[in-house]
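A.B. asks: Please work from the sequences and hints to get the whole structure.
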Amino acid sequence: MFRKQILFKLMVLVACAVPVLLLFILSFTANWRFPDLFPKSLTTSNWTDLLTGNSNTQSLLLSLAIAISIAILATMAGFVTSQWIAYHPNKKQLLLLTYLPFVVSPVILAVCLKFYFIKMNLAGTVAGVVLAQLIIAFPYSTIFFTGFWNRRIQQYQSLVSTLGGSSAFAFRKVILPMAKPMLLVCFFQTFLISWFEYGLTSVIGYGKVQTLTIKVYQFVTEANIFYAALSCCLLILPPVIFLWLNKKFIFRQGEGSE
Amino acid sequence: MKLRPVNITASILLLVFSVIPLVAGVGYALLYSLGLTGALQNEFTWLNWQKVFNDGQTVISFLYSAALSLAAVIISVGLALWVTIKQRGLFTKGIFSYVIYLPLAFPAMVAAFFFFQFLSKAGILSRLFYNLNLTDSVGGFPDLINDRFGIGIIVTQVFLSCPFFILLLTNMYKTEKVDDYLLLAKSLGANARQATFRLAVPMLLHKGFPTIVLYFIFMFGAYEIPVLLGRSSPEMVSVLAVRKLQKFNLYDIPQGYAIAVLYTFFVLTLIALLFRNRKIAYDV
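Heads up: the protein sequence lines correspond to chains A and B, in order. This note's numbering puts the first residue of the first sequence at 20, with every later residue one more than the last. This note's numbering puts the first residue of the second sequence at 47, with every later residue one more than the last.
These are computed hints drawn from the structure, not numbers from a lab. Here a beta-carbon is modelled for each residue, glycine too, at the ideal position from N, C-alpha and C. Wrong hints could be hidden among the right ones.
Covered stretches of chain A, as calculated for chain B (at least 3 residues, CB under 8 angstroms) [to be verified]:
| no. | segment |
| --- | --- |
| 1 | 48-57 |
| 2 | 90-102 |
| 3 | 122-128 |
Here are some chain B residues pointing at chain A (derived, C-beta under 7 angstroms) [unchecked claim]:
| no. | residue |
| --- | --- |
| 4 | THR138 |
| 5 | ALA151 |
| 6 | VAL156 |
| 7 | PHE159 |
| 8 | ALA287 |
| 9 | PHE321 |
C.D. replies: Below, the structure written as structure tokens:
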């Protein structure tokens, strides 16, 4: 039983940690051929190239800018819309409408919408990619917040009104502080939706908006696996930090408030 | 419902970012596939739809996507159920409560790239087999990526989805108080096997069903993983549609749009069926 437990733990560690390790090792090599199990030498040249103005830096900054914009816009818009949906008499139907673009494959949605983006001169632009990514991040955010607007929140709003507070006051002083942990989680999640996005960005961005996911695909098709691994490391670093923060602070905060 | 500025803003946001994109996108695709708009606009025709149904490629692609997604979902949920029932304590504290989150930090593209490096004929697993004298050359290692059975695609999808299902089901196990029910069942004479398979598993599957179906839908429409790890025939639906739409042959474009419409109709039908009988909210 004890040995089985150890074996299971080992398998979990290997399955979860080996991918991260392998990608980091690959990013520090320039030559690692079959049948070598380990690279003959390690080099920092890939990372140095990155720090001295390689196009990866631009992609990193661009991905960050797009993801932060999406996180802010989608969280705000989703929060406002979810309240309307949650208190609407036709909540179920409106929620179904919200689900629709979220469940359709982003790349298929993108090829269907490409015509309109071309007509609006938004294809191949950062603004176009942000707008397109909002189509998948906004529904997620709205669905995420729908559960927040429960009877308890409604009672708090009524209490503030009874005591003479305006709805703006209730929103600022009661709703926002109560929603803070959820707003943070939603910010992280929508950031990650944008950060992970490939299909929609590649179609609407026309290859001109070179986010990190686009770079990875480009490096893979060019068979430049070491640069691809480096881009992969850059892609998984922020999610790892966010997930760690999510787990360490936000989940704990939630447990503490129970 | 009062007509307040905030409600008007919310309804406009819902229209602009949810309803209009889908209606406009699918509407355009439908018109294009019927020959009513686009570069080949001529007159109304069913020809593109006939070609889509007659060439067999589309039907195979839908079945192939469904089979791979179903396999990945069954393996992931099966593993997650086993972990939830037998090993759930492991992920509640200590290093493993962090490690389980690592695969969730992988974008699909990165996961596909990793498994390309890991499972290919010259990949890490093949090198390990070679160094252990289990194979004698690159060619001796079996095809695990770009293969007929989509093994690479399934493994990658399981890697990405299994931790999610483990976290989901362990959380449900706690909130649904499954332990209390198991205790009750055992005190009424059920043995461990009966309590697990007749109580815990059905309870968790019933509660998690909407999320499992949603995950199946996401896998069915996946693009990044099959485009890197799949083969050109058969292809998954998204890859087939995008290939037809981005090829230089103009006559393939209406068929690509027809496939996109078919796919959207399939997904929306599944969602409508899911919504009809259940109250669902996206689990986070």
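A.B. asks: Taking each numbered hint in turn, which are not upheld by the structure, reported in ascending numerical order?
C.D. replies: Violated hint: only 4; rest satisfied.
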